[in-house]
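Student: Sequence:
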Amino acid sequence: MSQKYRALGPRICSSQKLVLLFACLIMPLQVQAQVPSRAESAKDSEPNVQALDDRFVVTKVDPPSWWTGSSANPIRLLLAGQGLSTDLVLTADRQGLQFTNLKASQNGHYLFADLHIAPDCQPGPVQFELSRLPALPELPQSSQQNPTTNPQRTALTWEVLEPPAHRPQGFGPEDFIYFLMPDRFCDGNPANNRTTKSPGLYDRNKSRFYHGGDIQGIASKLDYIQSLGATAIWTTPVYDNNDTPDLKELHPEPGQSERVPTTGYHGYGAIDLYAVDEHFGTLAELQAWIAQSHQRGLKVIQDQVANHTGPYHSWVLDPPTPTWWNGTAAEHPKNNWQKWTAMNPRATRQTQQLNLDGWFADVLPDLNQDDPEVAKYLIQHSIWWLGVAGYDAIRMDTLPHVPRRFWEHWASEVKREFPDTKVLGELYDSDPVLVAYYQGGRRGHDQIDTQIDTLFDFGLFTPIRNAFAKGKALREVHQMFARDWIYADANRLATFIGVHDMPRFMHEKGATIQGLQSAMTLMMTSRGTPILYYGDELAMSGGEDPDNRRDFPGGFPGDARNAFDPAGREPSEQAVWKHIANLGALRKKYPALAVGQSLDLLDAEQQYAYARVSDRQTLIVVLNNDTEPATIEFNTQRLPSQAILKGWSFQCDDLLGGSNRLTVQVEASNLAPNLPDTQKPQSNAGTQAVASLTLPARTSAVFLLPE
Numbered sequence: 014m015s016q017k018y019r020a021l022g023p024r025i026c027s028s029q030k031l032v033l034l035f036a037c038l039i040m041p042l043q044v045q046a047q048v049p050s051r052a053e054s055a056k057d058s059e060p061n062v063q064a065l066d067d068r069f070v071v072t073k074v075d076p077p078s079w080w081t082g083s084s085a086n087p088i089r090l091l092l093a094g095q096g097l098s099t100d101l102v103l104t105a106d107r108q109g110l111q112f113t114n115l116k117a118s119q120n121g122h123y124l125f126a127d128l129h130i131a132p133d134c135q136p137g138p139v140q141f142e143l144s145r146l147p148a149l150p151e152l153p154q155s156s157q158q159n160p161t162t163n164p165q166r167t168a169l170t171w172e173v174l175e176p177p178a179h180r181p182q183g184f185g186p187e188d189f190i191y192f193l194m195p196d197r198f199c200d201g202n203p204a205n206n207r208t209t210k211s212p213g214l215y216d217r218n219k220s221r222f223y224h225g226g227d228i229q230g231i232a233s234k235l236d237y238i239q240s241l242g243a244t245a246i247w248t249t250p251v252y253d254n255n256d257t258p259d260l261k262e263l264h265p266e267p268g269q270s271e272r273v274p275t276t277g278y279h280g281y282g283a284i285d286l287y288a289v290d291e292h293f294g295t296l297a298e299l300q301a302w303i304a305q306s307h308q309r310g311l312k313v314i315q316d317q318v319a320n321h322t323g324p325y326h327s328w329v330l331d332p333p334t335p336t337w338w339n340g341t342a343a344e345h346p347k348n349n350w351q352k353w354t355a356m357n358p359r360a361t362r363q364t365q366q367l368n369l370d371g372w373f374a375d376v377l378p379d380l381n382q383d384d385p386e387v388a389k390y391l392i393q394h395s396i397w398w399l400g401v402a403g404y405d406a407i408r409m410d411t412l413p414h415v416p417r418r419f420w421e422h423w424a425s426e427v428k429r430e431f432p433d434t435k436v437l438g439e440l441y442d443s444d445p446v447l448v449a450y451y452q453g454g455r456r457g458h459d460q461i462d463t464q465i466d467t468l469f470d471f472g473l474f475t476p477i478r479n480a481f482a483k484g485k486a487l488r489e490v491h492q493m494f495a496r497d498w499i500y501a502d503a504n505r506l507a508t509f510i511g512v513h514d515m516p517r518f519m520h521e522k523g524a525t526i527q528g529l530q531s532a533m534t535l536m537m538t539s540r541g542t543p544i545l546y547y548g549d550e551l552a553m554s555g556g557e558d559p560d561n562r563r564d565f566p567g568g569f570p571g572d573a574r575n576a577f578d579p580a581g582r583e584p585s586e587q588a589v590w591k592h593i594a595n596l597g598a599l600r601k602k603y604p605a606l607a608v609g610q611s612l613d614l615l616d617a618e619q620q621y622a623y624a625r626v627s628d629r630q631t632l633i634v635v636l637n638n639d640t641e642p643a644t645i646e647f648n649t650q651r652l653p654s655q656a657i658l659k660g661w662s663f664q665c666d667d668l669l670g671g672s673n674r675l676t677v678q679v680e681a682s683n684l685a686p687n688l689p690d691t692q693k694p695q696s697n698a699g700t701q702a703v704a705s706l707t708l709p710a711r712t713s714a715v716f717l718l719p720e
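Numbering (the numbering used here), first residue to last: 14 to 720.
As a list, the in silico DSSO-like pairs of lysine-lysine whose alpha-carbon atoms are at most 30 Å apart:
{"#": "1", "residue 1": "Lys389", "residue 2": "Lys73"}
{"#": "2", "residue 1": "Lys485", "residue 2": "Lys591"}
{"#": "3", "residue 1": "Lys389", "residue 2": "Lys428"}
{"#": "4", "residue 1": "Lys219", "residue 2": "Lys261"}
{"#": "5", "residue 1": "Lys389", "residue 2": "Lys261"}
{"#": "6", "residue 1": "Lys591", "residue 2": "Lys522"}
Cβ pair distances, simulated, as ranges:
{"#": "7", "residue 1": "Arg180", "residue 2": "Ser240", "range": "21 to 31 Å"}
{"#": "8", "residue 1": "Gln366", "residue 2": "Gln460", "range": "16 to 26 Å"}
{"#": "9", "residue 1": "Gln305", "residue 2": "Gln664", "range": "37 to 47 Å"}
{"#": "10", "residue 1": "Lys210", "residue 2": "Lys485", "range": "47 to 57 Å"}
{"#": "11", "residue 1": "Ala580", "residue 2": "Glu187", "range": "24 to 34 Å"}
{"#": "12", "residue 1": "Ser240", "residue 2": "Arg651", "range": "32 to 42 Å"}
{"#": "13", "residue 1": "Pro136", "residue 2": "Ile526", "range": "53 to 63 Å"}
Derived from the structure by calculation, the hints contain no laboratory data. Cβ coordinates follow ideal geometry from the N, Cα and C atoms, glycine included.
The task is simple: from the sequences and hints, build the whole structure.
Tutor: Here it is, written out as structure tokens:
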């Protein structure tokens, strides 16, 4: 162990000190400040501190609360302040709380402690006291029987919580996720735009400043989100970010060349992993919105970051341990983005180091998950948000830039507490082999199972963009589906046509409304969990960041129009919106579209047909990506449709509401028409069943086969 950090315990040099320590531990405490409510006490993650002696003080305790009956017991507290040392004793005014395994930093700014919470510990605010015993002279033998103490003390309020009432529900292919950036979606509380804590960061005329969207704005638009058929919401992080303009990440405004300061409106530059940014609202508002979503049947997914913090976090210049970071602010490796080194069986530490230890953009401090204190802190932070805020699942940022062994440990601990939660990992790479290597469910050649449930299907994203926005061959899409076997479970992948880290679909050269609609048909009727990025339902355009993060029209005071309302949409916007809403409704009405078996029926250069099959439903999806109408034919004899089994020819109307009609001509040469249905063959191996239709250019259709 480093000399800078040492395991702590009371230093007992004589029988007098042992007696004094015992006296301090049982000394009654008095609550000296009004106890705040649970939401108020956790809002800013700051303890209610009373320094009774200026020699030492505690300014923050992480986590700010925990619940009884948790599998994460003991929890590891991190106290920040001044004058913290090994001579301190930590006590509580509540039965069922015990502190052990103390460790402090040499500069006295941090103190770690394990807190054991007994199952029968009474929930509610609790008073902690940190005290220091003065050095004692050797006393005469006659004085040792009745010692007295006058310890220096600091008192603070913490909270023991009831076990979470809501258990995370996770998400899966049956869901449809609506993804939004809180700052750019809807301003529900203009009062938090200009704050005393972080003045000067709100300016809608600056693309990388806060624009006013917040938690109350999201809560006010749940009807809108559900009208699209969405069953879950994912937002970018709501962590507290820097309170002053960012002078480390300078970027020009669109169309200009001068590099200017930015802000943390996106949420990925945390300065406090246990606090909600004041521009978004409070923890109480977050809890209320999530509870309201649950009442409506909506799941909520939290965006978390375990790879890095923001450059202005207090740890950057004053880390709790010497190995808290990979490097220092003054001297550190720069990330080289070579993610594939993580799966290379020939790799050495030196070839993987920059990808794992490098600082993003040479700015974002890279956390060292190999430090046990860092690992424990990050694990607890993930569990705390699930339990306290009520989230259902986690979207984890920058997955491949963190050691895989950490993910295995992290996921196992999170799921030990909340077994039904799910984790969606971000690995921004179109190589399906690399994406598959990080999906949990099996061990890699390194004998690690990350236990990450699913990842973004960047492999499928590329051919979707190529085909429907750039006019390339649709065959690229089914060629990518042919690689599904490499995944532990391809059905769990998260599919998308765009997110906040890339130009929008409609920005691509060659993108059309019809192409966007076809891309959405494919995504909403194929395997996986579809994700819709806010604004794409309006065919919103936008280039590179931050142009791809435009304000939702109608979500902000003074907007010229309100696209949350059909009356405020252009005809082309309404056409896309209605198409997506229809698809969302079909996924709910016909579960086979979400969880059924996938069977390819036709894989031509610019035409594609496939079926989604369940025990009770068979649906066929047909796409024509050509610039001309196409007459399409394909064999359906292997489909388990009762109509085909019984030798019926039939026609189906397009469930998307178009005039397209699918004709299925069945020649049942081996069926005995005079036999009752119960005696007819239940196999259609000898049946010829040919489906045909003519599709207009750049269109799609969905058909339900009769039973």
